Structures are given as C-alpha cells and as structure tokens.
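These are the residues of each chain, in order.
There are 2 protein chains.
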Amino acid sequence: MKELKVGLLGFGTIGTGVVKLLQQNAEVIRNRLGAPVRLLKIADLDIETDRGVKLEEGLLTADAEQVLSNPEIDVVIELIGGYEPARSFVLKAIANGKHVVTANKALLAVHGEEIFAAAADKGVEVMFEASVGGGIPIITSLKENLGANRFQSIFGILNGTCNYILTRMTNEGEEFAAVLKDAQQAGYAEADPTFDIEGIDTAHKLALLVSLCFGTRVDFKQIYAEGISSITSLDIQFARQFGYKIKLLAIGKMHDNGSIEARVHPTMIPEHYPLADVDGVFNAVRVTGDFVGPVMQYGLGAGMNATASAVVGDVMSLARSGRGNGEPRSYGYGCRPDALQELPLRSMDDICSQYYLRFTTVDQPGVLAAISGKLGEYRISIASMIQPERRDDGAVPIVIMTHEAAEKDMRAALAEIDQLQIVQSPSHLIRIEGSLD
Amino acid sequence: MKELKVGLLGFGTIGTGVVKLLQQNAEVIRNRLGAPVRLLKIADLDIETDRGVKLEEGLLTADAEQVLSNPEIDVVIELIGGYEPARSFVLKAIANGKHVVTANKALLAVHGEEIFAAAADKGVEVMFEASVGGGIPIITSLKENLGANRFQSIFGILNGTCNYILTRMTNEGEEFAAVLKDAQQAGYAEADPTFDIEGIDTAHKLALLVSLCFGTRVDFKQIYAEGISSITSLDIQFARQFGYKIKLLAIGKMHDNGSIEARVHPTMIPEHYPLADVDGVFNAVRVTGDFVGPVMQYGLGAGMNATASAVVGDVMSLARSGRGNGEPRSYGYGCRPDALQELPLRSMDDICSQYYLRFTTVDQPGVLAAISGKLGEYRISIASMIQPERRDDGAVPIVIMTHEAAEKDMRAALAEIDQLQIVQSPSHLIRIEGSLD
Chain A
1 MKELKVGLLG FGTIGTGVVK LLQQNAEVIR NRLGAPVRLL KIADLDIETD RGVKLEEGLL
61 TADAEQVLSN PEIDVVIELI GGYEPARSFV LKAIANGKHV VTANKALLAV HGEEIFAAAA
121 DKGVEVMFEA SVGGGIPIIT SLKENLGANR FQSIFGILNG TCNYILTRMT NEGEEFAAVL
181 KDAQQAGYAE ADPTFDIEGI DTAHKLALLV SLCFGTRVDF KQIYAEGISS ITSLDIQFAR
241 QFGYKIKLLA IGKMHDNGSI EARVHPTMIP EHYPLADVDG VFNAVRVTGD FVGPVMQYGL
301 GAGMNATASA VVGDVMSLAR SGRGNGEPRS YGYGCRPDAL QELPLRSMDD ICSQYYLRFT
361 TVDQPGVLAA ISGKLGEYRI SIASMIQPER RDDGAVPIVI MTHEAAEKDM RAALAEIDQL
421 QIVQSPSHLI RIEGSLD
Chain B
1 MKELKVGLLG FGTIGTGVVK LLQQNAEVIR NRLGAPVRLL KIADLDIETD RGVKLEEGLL
61 TADAEQVLSN PEIDVVIELI GGYEPARSFV LKAIANGKHV VTANKALLAV HGEEIFAAAA
121 DKGVEVMFEA SVGGGIPIIT SLKENLGANR FQSIFGILNG TCNYILTRMT NEGEEFAAVL
181 KDAQQAGYAE ADPTFDIEGI DTAHKLALLV SLCFGTRVDF KQIYAEGISS ITSLDIQFAR
241 QFGYKIKLLA IGKMHDNGSI EARVHPTMIP EHYPLADVDG VFNAVRVTGD FVGPVMQYGL
301 GAGMNATASA VVGDVMSLAR SGRGNGEPRS YGYGCRPDAL QELPLRSMDD ICSQYYLRFT
361 TVDQPGVLAA ISGKLGEYRI SIASMIQPER RDDGAVPIVI MTHEAAEKDM RAALAEIDQL
421 QIVQSPSHLI RIEGSLD
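As you go down the protein sequences, you meet chains A and B in turn.
Per the numbering used here: the first sequence = residues 1 to 437.
Per the numbering used here: the second sequence = residues 1 to 437.
Because the hints were derived from the structure by calculation, they are not lab data.
Remember, identical chains collapse to one label, so a pair may be satisfied in a single copy or spanning two.
The list that follows gives simulated cross-link-like pairs (lysine-lysine, BS3-like), each with its CA atoms no further than 30 Å apart:
1. Lys408 <-> Lys221
2. Lys2 <-> Lys54
3. Lys92 <-> Lys54
4. Lys221 <-> Lys122
5. Lys122 <-> Lys5
6. Lys221 <-> Lys181
7. Lys2 <-> Lys122
8. Lys221 <-> Lys92
9. Lys408 <-> Lys374
10. Lys2 <-> Lys20
11. Lys54 <-> Lys5
Just so it is clear, the structure is predicted and the values come from calculations on it, not from any experiment.
Whole structure, please, built from the sequences with the hints as guidance.
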C-alpha cells in the first residue's frame with residue numbers, strides 16, 4: 001500500500017484535532033494501514049492564530065487552490081462547515097479527481113445529491129462519517145456492515161448541546177434558560193444556539209440517516225423539527241413519575257406502504273432503554289433492521305478529538321479502498337443512484353403517537369370531565385393520569401398520558417381545550433415512543 | 001462492479017440464515033452494492049434435512065471440494081464452527097486464492113495467526129465480523145472507523161446465554177440452576193452449556209478483540225476465564241443495594257508500561273452505565289480510544305438472523321474492496337504483521353480491582369473485627385458494608401465493598417478468613433469495575 005497524501009481545508013477546532021491526531025498517532029495509523037498518511041497542505045483564511053500544534057514550514061496557506069489543485073493530493077478533507085465556500089470547494093476537489101472527507105452535515109443535507117452525483121461521475125468517494133454522531137461509526141455501519149438489511153426505523157440522540165441541557169435539567173431540576181446560559185459559559189453551547197436547540201442540526205443529520213437507511217431522497221426542508229426550548233423541569237419530573245426520560249430524538253420510520261417518517265422533537269422514551277441512559281454530550285443511534293434486529297451505537301457526538309477520530313477513520317478507509325481504478329467503493333447514499341427512491345414523507349398531521357399532555361387549569365369541579373370529554377370527541381383515549389395538589393397560585397396541573405392517537409386529532413382537540421375558560425395557559429404536548437423498533 | 005460469487009461451507013442454523021438473507025434481500029443488496037451477490041454452492045454433510053429454504057437444483061452438495069476448488073467462487077463463507085475440519089478448509093480456500101468470511105471465534109482465537117499469515121501471503125482477506133457480538137459491527141469499527149486511535153480499554157458482554165441467565169436472575173430473583181434449565185428448554189442455552197457459562201466462548205472473543213485493540217499476539221490459554229455458575233441471586237440483590245448490576249464481562253486493558261490485561265469474569269458495574277442496561281440475549285462492547293473517547297455498541301449477540309447479517313455485511317465489504325489486485329484491504333489483526341507486538345499479559349495475581357465480598361458467619365461478637373482485621377493485614381481497605389439481619393439458620397451474611405486492592409493480597413486474605421472458626425462457608429468474591437475507561 002502506498003503513502004496517502006491529504007490536504008486540509010479549514011484549520012479551526014476540528015481541523016486542529018485532525019492535525020494533532022495525524023501527528024500523535026502517526027505510528028498507529030501506519031501500522032494499521034501498512035503505509036503512512038501524509039498531510040501535504042492546510043488552507044485557512046487565518047494563518048496567524050497559534051493552534052498549539054507544530055507545523056512544517058510552508059504547510060499552512062491562505063490559498064485553498066493550493067489544496068484543491070495540488071496534483072499530489074489524493075484526499076481533500078473539508079472542515080470549513082456551512083454551505084459556501086464549502087460546496088464550491090468540495091465540487092472543485094471532486095472535479096480534480098480527489099476523494100473528499102467531510103464533517104459537514106448542513107452541506108450534505110442540502111447539497112448532498114449534487115455532490116454525490118459529481119463524485120459518482122468522477123469515480124471518487126465522498127466520506128462523511130464525522131458528519132453524524134461524532135466518533136460513532138453509524139454511517140459506515142448503515143452503508144456496509146448492516147447493509148444487507150431492510151431498515152425499519154432509526155432513532156437518534158444527535159445533538160450534544162441539547163442532550164447536555166436536558167441531562168442537567170433532569171439531574172438538577174433546573175430550568176432550560178439557566179442551563180443554557182451555563183452551557184454557553186462552559187463552551188457546550190454556541191453564543192447563538194438556535195441551530196442546536198431548535199433541532200435544525202439534528203434534522204440535518206436525520207436527513208442523511210433517513211436517505212441511507214431507506215434509500216430515498218429526503219427534502220431537508222420537509223423534516224419537522226421542534227426544539228427543546230419549551231421543555232420545563234416540571235415536564236421532566238412528571239415524565240419520570242411515569243417511567244420515562246425526555247430526549248431530543250431524531251426519528252425515522254419506514255411504513256409497510258412505503259411511506260416514511262422523518263421528524264425531530266422532544267420525545268419521552270422508557271427509562272429502562274439503553275438510549276435513555278445516554279447523558280450529557282453523548283450521542284447515540286439505534287437502528288432496527290429486518291435481519292440484524294436492533295443495534296445501538298453510543299459515543300461522543302462532537303468535540304475536537306472524537307470528530308477528528310471519525311475524519312481520520314474515513315481517510316484510512318480511503319487508503320484501503322481500491323483507489324484509482326475509477327470505481328468508487330460505495331455510493332453517497334449507500335445505494336445505486338438509479339435505485340434511489342422518492343418515498344413519500346408523511347406529514348405531521350398523519351403520524352400516530354402516544355402523547356404526554358400537561359394542562360394548567362383552575363381548581364374547580366368538572367375540569368377533568370371537560371378535558372377528557374374533548375379528548376374523547378377526537379377519539380383520543382387516556383392511558384393514565386396524574387393530578388397533583390394545587391399550587392400556591394391556585395392553578396392545578398393535570399397530566400395525561402394517552403394511548404396512540406393521530407396527530408391531526410390531537411392538535412384539533414388541544415386547540416379546543418386551550419379555548420376553555422377553565423384552562424389557564426396553553427397546554428404542553430410531548431410525544432412518546434414506547435417501543436423503539 | 002461485477003457480480004460476486006460465493007460458496008458456503010456449513011448449512012446449519014447460521015448457514016440457513018445466510019441463504020435466507022441472500023434470497024429475501026437480494027434486491028437491497030444489489031442496490032447497495034451495484035452488483036448482485038450470487039450463491040454458487042453450499043456444502044454440508046447433511047444434504048437431506050429440510051431447512052425451510054428453497055434451493056436451485058444442484059446447489060447443495062456433501063463435497064466441500066466443490067466449494068473450495070470451484071474456480072468461479074470468489075468468497076468462501078465458513079460456518080462449520082470448531083477447529084477441524086474448519087481450519088483445513090479455510091487454509092485450502094486461502095491457498096486457492098479465495099477470500100474467507102467466517103463466524104468461527106474458536107478457530108480464530110486459537111489458529112488466527114496461521115490463518116491470517118496464509119491470507120497475507122496469498123493477498124486475500126479473512127473477514128470475521130460475525131465472530132464477535134453477532135450483528136454488532138465491532139470488528140470493522142476497531143479495524144477501520146476507530147483505527148486512528150490508541151485504545152485504552154475494551155469491555156464486552158459477549159455471551160448471550162450468560163447475559164440471558166443473569167438478566168432473569170436479576171429480574172426474577174431466581175437461582176442459577178433453575179434459570180439455566182429454563183434457558184435450555186427455550187433454546188437459549190446448549191444441552192452442554194459449559195463453553196458458554198464457564199466463560200470460554202467469551203474468552204475466545206476477548207482474545208480477538210484484545211489483538212485488534214492493542215496490536216498484540218494473545219495466547220488464548222493465558223486468558224483468565226471465570227464463569228457465572230457460582231453467582232447467586234443473593235449476590236445480585238446485594239449488588240443492587242450498592243447501585244451495581246452483575247454482568248459476565250470480558251475486560252481488556254492497556255497499561256502505561258505496555259502490559260495488558262485480558263480477563264473474563266462476573267463483574268459488578270454501576271447500574272447507570274448504558275452497559276448495565278444490556279439485558280437478555282443482547283451483547284454490547286464498550287471501547288475507549290485516546291481520541292474518540294468511549295464508544296459503545298449494542299445488538300443481538302447471536303442467532304440465525306443477526307449473525308447472517310454480519311456474514312453478508314462482510315461479503316458486501318469484499319465486493320467493495322479492491323479484490324483481485326493482490327493487496328488485501330486490511331490485516332487480520334488490523335495491524336501490519338511485522339508491527340504486531342508481544343505485549344506481556346498480566347497474571348491475575350497482579351491485577352488491581354475493587355471487590356465485593358460476601359462472608360457467611362456465625363452470629364457472635366467480634367466477627368466483623370476478625371474479618372476486617374484480616375483484610376487490614378493485607379492492606380485491603382473497606383469502602384462500605386452491609387450486615388443484614390440474621391437468617392433462620394443462624395448464619396449472618398456480611399457484605400463488604402473494598403477500595404482498590406491487589407488480587408494477590410485479596411486471595412491471600414480470603415484464604416485466611418475462610419479458615420476462621422466464625423466463617424461457615426467459603427467466601428464469595430466478585431470484582432467491581434467502577435469506571436469503564
């Protein structure tokens with residue numbers, strides 16, 4: 001096996017992790033591959049900041065062309081993030097016959113088809129293990145090891161920021177706003193945390209996973225994404241009383257009629273599931289295939305080192321594959337482009353779920369009858385209920401767990417209930433996944 | 001990509017699963033690969049039994065040579081199990097230039113070096129994802145995705161029979177013998193369960209994992225293996241009082257001085273770890289690398305379908321790799337043969353651990369002082385203790401959790417304690433792993 005030469009675009013946190021890993025573990029990598037991986041060039045607009053790694057003279061440049069058009073470079077690692085110039089750079093690298101390794105889920109969720117098609121035309125690979133779940137090898141597992149399965153469902157905890165916040169709210173009884181502030185100070189949340197806490201980052205990742213699992217195109221904009229900013233510690237406490245934990249879950253499902261679900265929202269899952277014990281900045285994915293059954297993977301979902309591990313793992317895979325014969329080892333979406341389907345995505349109206357509902361009502365007779373009556377009108381049946389003691393302000397929380405119901409009916413019922421005089425503030429709804437298969 | 005032609009040796013449970021999978025999911029496999037996988041020949045001594053799958057005329061033969069020496073066959077799948085004739089057949093397939101896919105951990109744990117060397121000489125691959133953890137893609141993860149890491153430790157629940165028995169003992173308070181009998185009737189345990197319950201199967205798998213993680217030869221016979229037959233439901237209950245669950249754990253560790261640990265025994269792990277929630281016939285592996293941090297994978301550890309998924313996943317990987325260029329995609333132990341080390345394996349005497357100890361004593365003053373005195377003589381310090389009420393027979397159980405101590409000291413102390421007049425039956429010892437990194 002011959003030396004593999006790589007160029008790096010983007011020398012931020014993850015890029016620095018990749019350089020450190022290639023330096024510190026050069027011997028490990030050479031022993032596992034039988035040949036070294038050599039970093040030929042790093043391009044970043046900022047060539048001044050000290051990243052704490054020692055570089056050979058001339059390695060760092062502000063000119064991306066020195067990576068993209070360097071005839072010696074076999075593999076371009078894209079760690080710029082975002083849509084542009086990442087998209088143009090990746091397309092140029094492909095056009096120049098280079099394999100690409102990227103951690104950029106936003107880019108692939110939105111421009112994946114264009115990029116994968118360009119790679120297939122050129123006979124090069126686009127590897128993106130680092131784009132979902134950090135160090136968790138879920139992309140390779142779906143494309144390769146579990147590739148003989150028809151997948152039924154995939155569930156993921158894919159955003160470390162959200163999981164960190166929910167974990168602290170769960171363990172410490174703190175409210176969302178306070179924990180978010182702490183997380184920002186500790187570096188676990190961005191100054192503008194919208195992408196993370198509103199579920200957009202998770203939806204980017206889910207778009208990729210759903211395409212890989214079900215062999216279908218997914219329009220990222222059609223994925224329902226609801227974040228965690230409305231979760232209260234009160235809901236977390238009630239969930240525990242029923243034996244559940246609340247996680248921001250990415251959910252993908254394949255139905256017998258060939259329609260699929262792809263949605264992101266806070267979800268109550270039974271606390272005895274291993275997925276419920278995935279705490280802090282950890283990520284996890286659970287996928288169920290027709291032969292393999294359920295498989296779960298768990299690891300650090302982000303961070304310099306775990307992401308670098310996934311990036312370099314992809315580089316090593318490229319070193320092993322039959323590079324240069326013009327035949328890519330695998331397809332972008334893990335499936336022949338002409339076999340990629342256009343499976344219909346169910347609208348949220350048409351999904352069925354169990355629900356956790358929390359109402360804030362006045363303390364007077366007939367309240368429960370009024371609420372349960374409205375639910376009944378929409379064929380929503382109650383599985384269990386908690387009505388704790390009245391609070392100081394005279395408001396009474398009523399918590400109801402329903403049997404499975406249609407989202408359309410649930411929303412209609414809640415709209416009517418929220419109009420009732422006895423209801424003091426808008427009702428809270430959290431979907432429940434009682435079984436993860 | 002061209003059609004891949006495979007031959008199958010062994011048409012038992014797993015073999016039948018492979019045939020079913022190749023038939024039922026032929027389209028999925030073709031779409032993911034871009035080319036079909038075609039089964040050309042199946043060899044088994046029993047060509048009469050109906051396995052419930054329909055085969056083309058002439059596919060099944062009692063003559064292994066029709067697989068091994070068939071010039072059309074690219075890949076030989078070995079699912080015979082055991083040492084011979086599996087070893088001879090695998091070596092012959094390699095000599096004939098065929099890639100090999102096997103689920104045979106016993107074969108590789110004992111004859112792996114010979115087999116991998118033969119494959120390297122011939123430029124063919126030996127794939128064995130199915131040999132450890134059934135459908136869990138741990139082998140590929142260690143060799144490829146996480147391959148840039150130096151691994152610090154690996155922990156595995158690798159035997160479904162043992163985990164099923166321990167789970168039922170935990171959930172139902174039943175004793176080992178009763179649950180084993182049930183498990184045998186339900187088909188979760190063999191008529192002769194020794195290999196499983198005494199930890200030998202787990203040790204076979206650990207030998208492979210340790211070689212892959214640490215890049216070292218391991219003499220399987222040197223691995224300490226202690227099974228679960230002496231675990232009582234009383235120990236399980238006490239463990240829970242301290243916040244632990246008992247699992248049969250395979251443990252591999254790398255020490256800073258380059259020595260390694262490889263041991264299999266019942267182990268108490270904190271119940272809030274995801275690994276502690278791995279119940280029933282599920283398997284799980286947790287590995288920690290210097291960059292990726294901890295990664296856990298979880299899935300069905302055995303059974304026709306999950307194992308078949310792993311076997312066919314390996315076949316698909318071979319279809320993707322640069323077959324035919326005489327350069328294998330990866331090394332058997334995931335590391336250049338000349339870089340494979342001879343790291344010293346620590347003897348059990350030299351390991352350090354926390355311990356759970358249960359003594360059965362007479363009910364009289366001074367008992368605790370005598371026991372704790374003996375422990376103190378050997379520098380073993382007590383972390384916590386439970387002494388429940390005396391039992392009907394007058395015996396008093398005393399349960400002690402120790403701080404970290406040397407195994408050598410612990411055994412010496414217990415030998416002396418068991419000689420004391422006040423001790424009524426041999427003391428029970430279970431090792432504790434309080435942190436899995």
